[in-house]
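Just so you know, the protein sequences line up as chains A and B, in that order.
Counting from 1, one number per residue, gives the positions in the first sequence under our numbering.
Counting from 1001, one number per residue, gives the positions in the second sequence under our numbering.
Note that these hints are calculated values from the structure, not bench results.
This one's a predicted model, so the numbers in the text were calculated from it and none came from an experiment.
Possibly wrong hints are sitting among the right ones.
Ranges between beta-carbon positions, derived for each pair [what the hints assert, rightly or not]:
1. B:G1325 / A:L42: 32 to 42 Å
2. B:D1164 / A:A58: 44 to 54 Å
3. A:G60 / B:Y1296: 35 to 45 Å
4. B:L1068 / A:A58: 54 to 64 Å
5. A:L42 / B:G1270: 57 to 67 Å
6. A:P5 / B:I1393: 34 to 44 Å
7. A:P14 / B:A1210: 32 to 42 Å
Glycine included, each C-beta is placed from N, C-alpha and C at the ideal position.
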Amino acid sequence: MKYLPNTASLEYFPLHCVGCGMCVEVCPHGVFALENKKAVVLERDRCMECGACITNCAFGALKVDRGVGCAAAVIRSMINGGEPSCDCSGKGKTGDCC
Amino acid sequence: MPELKFMKDNPEKEMAACCGPAQSTLQLPDTVSCCNTGVPVRGKDQPSWVTGTLMTDVGAIFVVSTGLAAADFWEHVKCRISAFRNNYRVDPGLYAVGTPDKNSDVFATANYKLSFDVLRKSLKGLNAWVLVLDTKGINVWCAAGKGTFGSDELIRILSMTKLDRLVDHRRIIVPQLGAPGVSVDKVKKAAGFEVCYGPVRAEDIGDYIASEYRATRQMRTVTFPILERLILTPMEISPAMKKYYLPYAVVMFAFFGLQPGGLVFKDAAGGGLPFLLLGLISLLAGALFTPVLLPYIPFRSFAVKGWVIGMLSVFLSTKYIAMLGHLDTVLLIFTYLFFPLASSYIALQFTGATTFTGMSGVKKELRVSIPLYILGFVLSLVLLLVHKYGEWIVL
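The following block holds chain A by itself, in its conformation from the complex:
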């Protein structure tokens, strides 16, 4: 299943890539592949901006505006301000959103 095309904020800077393959390993949607010892972005529209790749790229070759793909969280942040975050079970309490 794919979500809206051409919306993911993923940016890739091949010059910084050393081909360690961490992004290929951690991406849960197979967005990356390794070709000729460099990462390539294969399935950009599958990116859900979870941030796994940027957290584990030690070379700054990736950038993404990470966040929750949750309408309730985005609406809440529009009303209350701040970044959208998963707190389904109400203010201050911790919830299991996803």
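Given chain A, put chain B in place with the hints provided.
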């Protein structure tokens, strides 16, 4: 090398051996350190899934069962249908599966009991350590997104449990979905442990180990099959019922019952009932039919998918449900305007439960759909007022 003694269901005796003077474990507070090792020993309220205690150099460690009991299953059901999941936790720390030793694998997980249960069930037949991070009762993936399942917490719990004294190797298997919060580099530098990302699904752990700790692309990829979508729908339906349907039902009853002479129950029931039914159908269209049929509904936008299913539900309902077959023109226009938009809005909420929607896409959908929802809502109100005006004019 740590000296490991396995003891089954006799914590009192071993506690005495470890901590000096014999004392009943039943009187121990929740977090008493055994021989000041910093490892909490919980003497009271020992969970039913603990089968024994393992005495180690770093203290007493609970051995957990790899079988799920009927009580566990029942709790899992409650997690899927109610707010029970909001406080379903295990104590963070170190646990043992089987009889692990200094060479055994270490698996990290969250302290959401459902996550913990899925992991221990998948470790059947293995001897392993389970490292439970304090994620405030949130599952691995969501907590990793928030950062509570993250490098800092992993480093903290490694130091707290003194894992480096318990195992000779320096490897921790972290679920791949923990990667948004865990930096391999940071953990290596701060704690000296190598993070190895295991498969997405705990059920693949056996195959992952058998193939020398290599996960296939399939093991690394998240899916969202129909059963996984279906299992999430009760927690879409139930909050929507409370948040939207109840107030809606009250307003509709009042609206149809309101007559120049006051509230008339007969009118409230007669006029309101078809709309209570349509409300319920459109809620299910957004919170049940759309999630279940997700990949088969055209368009990628959840708002559009929900609207399509909402339209279809309204069409079929007005065609085949006798009670809904006699709506006048104004109410029919209201029905086709309001209910598909309601389904659309509710379907959008499912983005929070999916495994593939990103924030940029959701923001884009909302920029377009929210003004339409507001416009549709206002027009719907106008139509209801027009209907009421027509009704009262006749009187």
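We went through each hint and held it up to the structure:
no.: 1; hint: B:G1325 / A:L42: 32 to 42 Å; result: 52 Å, violated
no.: 2; hint: B:D1164 / A:A58: 44 to 54 Å; result: 23 Å, violated
no.: 3; hint: A:G60 / B:Y1296: 35 to 45 Å; result: 41 Å, holds
no.: 4; hint: B:L1068 / A:A58: 54 to 64 Å; result: 39 Å, violated
no.: 5; hint: A:L42 / B:G1270: 57 to 67 Å; result: 59 Å, holds
no.: 6; hint: A:P5 / B:I1393: 34 to 44 Å; result: 51 Å, violated
no.: 7; hint: A:P14 / B:A1210: 32 to 42 Å; result: 35 Å, holds
Hint compliance for this structure: hints 1, 2, 4, 6 are broken, all remaining hints hold.
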